[in-house]
Amino acid sequence: MASIWEYANPVKFSKTASTVLPWVSVLAAVTLAVGLVWGFFFTPDDFRQGSTVKIIYIHVPSAMMAINIWAMMLVTSLIWLIRRHHVSVLAAKGAASVGVVMTLIALITGAVWGQPMWGTWWVWDPRLTSFLILFLFYLGYLALWEAIDDPDTAADLTSVLCIVGSVFAMLSRYAVNFWNQGLHQGASVMRAGAVTGTDTEEKVSNIFFYPLLLCIIGFVLLFVALVFLRTRTEIHKRRTSALLARERLS
Amino acid sequence: MTLTVSDLTVSRGGIAVLEGVSFELAPGRALILRGPNGIGKTTLLRTVAGLQPAVSGTVTAPEESIAYAAHSDGLKAMLSVEENLRFWAQVFGQSNIDTAVQAFDLTDLLERPAGTLSAGQKRRLGLARLLVTGRAIWILDEPTVSLDAHSVARFADAVRRHLADGGSTLIATHIDLGLDGDELDVGPFKASGSRPDPNGFDESFL
Amino acid sequence: MIALLTRDLKLAIRAGGGFGLGLAFFLIVVILVPFSVGPESGLLSDIAPGVLWLGALLACLLSLDRILALDWEDGTLDLMATSPLPLEGVVTIKALAHWLTTGLPLVIAAPLFGLLLNLPQAGYPWLVLSLAIGTPALSVVGTFGAALTVGLKRGGLLLSLLVLPLYVPTLIFGAELARRGADGQATTTPMLMLAGITFGVIALLPFASALVLRVNLR
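Chains as they are written, first to last, in my numbering: chain A, 1 to 250; chain B, 1 to 206; chain C, 1 to 218.
Among the clues, some could well be false.
[Claimed, not checked] With a straight-line cut-off of 25 Å between C-alpha atoms, the simulated DSS-like cross-links for lysine-lysine are:
no., chain 1, residue 1, chain 2, residue 2
1, A, K54, A, K237
2, B, K190, C, K153
3, C, K153, A, K237
4, A, K15, A, K237
Quick caveat, the hints were computed from the structure, so don't treat them as lab data. Since this is a predicted model, take the numbers as computed values, not measurements.
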């Protein structure tokens, strides 16, 4: 029986990625297209929010991905530090660039949604603030990758940063919750309620829920496709530089 | 206090540069590494000193017996010669710096800030630093950089004294120090890429 | 270890600016605030705890890259790594030296700067307390950042980008503690959280810093 660690071999991974990639890409495109079209054109407007509610089909999936991608990076970084599988850390690097875009999409769609809802593009609501901080963590992680020349050193350092960053991101989340309650009590309860009320699926009725679910699945598939693609590219890049270095030596 | 290196493969930037290096360094002996620029002498020395992990093979030396010195001496310009030496002596759990001061003729300079020393004086201070570590095996990477002929001779004297005291040294240098030691040309150990790299995954990128 | 601490303190004193630079920066930030928001004393006293905390944090940040960079350049870190001192101890001492030369002077000077910003009377002990509890965490986290970026040519800017997000929890609880103290509200929760972060960071982060430093020394 093949062990999962076999895929830690870059060559094997590249081959698998190349086989899987077209299928996942097509599946992601179809799911997203159906989900978004269904959501945008075949669901009724919300009686309270009007058609602005439909931004939920992009906002919620991207926000979920933003957090889950960081969680995945944490796992793959740990795998790199413990088992030294290059594919693992390269997947983390690939995922980070997807994650930072997802975070940005979540922030922008949130602002676009917030404008008609709250009459302002931005409030320092705990949830929004946490995403902003998460965005900074992504930026720092990617900047560290870019700054270091030696690939193994970069892999080690970014992995440790990812782990330490995860702890601090969770601390920040807690701190931000605490901070906002403390800062403006009365007003923030209403706002926080408005955000959480529309941000989670529980309050969303079934008409909205199924296309939303489809969109979430579509975003996951899109992420998988992009990570395969980016990881494969990173492997090819490493391979090229390894070949060049070898040529220079001989 | 014998340093044994067996079948050592070292890598720089994820690429093996030297492989299958084996040698033994007995007390009282000097081993001089030769080879063209960029072949991996510094990498080899850093690996032997324990600053970077070996790809494969082993380095065997008694616990805490190695003192490493590269081009930079870890001296602080703001501190006096004596303070610099005392600091390193304390870090290595020693208390006596007098031997080192006398051996390298630094008595007159003790009060001077290290920043005001000439290049040759600094190098003597750097070597005195090696002595206050109280360690037997010196690993020196291009120790004569920026030294004039006179200072090089003094340096060679110092190393000879260390060897006579039962110490040993592994030196990478381009110039002839006139030391009574063995020479090791690292050229033949240049990595050919024929051996698979058991830990690094770079091989599997090819 | 003690030798390393005394050496670092000596260097900070002799190099000049070790103590003074952070303080002067802190002072300038505090002076610039009324210029930017206006001289109205009610507003100033409202924002004083937050501004003082932010100023202290930036003053700390300013000197972070010096924690390890100088010892990296002259090869001291290579020699330390081959010495009997554990690197975990080295980074802890480095953080302590940084706190003694940067954090502690800020804690002591903060009440004076509070005067400039009309900090309410009740706020002074809380400001000093919050800084005293919180600034060690800034030094320890900063040392981790310095260890991450020590070998890099353009490390300074990257260091800020990496360290500032890590400062968020400390800043929130520290400033909150100072603000609540000034307003006469309950202070137990932010104080315990701030102390928790500081102790947690001191206990755990040196291991990460040493690991990262070892990687950078390779």
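Outcome of the hint check:
1. K54(A) / K237(A): violated, 40 Å
2. K190(B) / K153(C): violated, 30 Å
3. K153(C) / K237(A): Distance of about 23 Å is within 25 Å: holds.
4. K15(A) / K237(A): Holds. K15(A) to K237(A) sits at ~15 Å (cutoff 25 Å).
In the structure shown, a violation is registered for the earlier hints numbered 1, 2, in ascending order.
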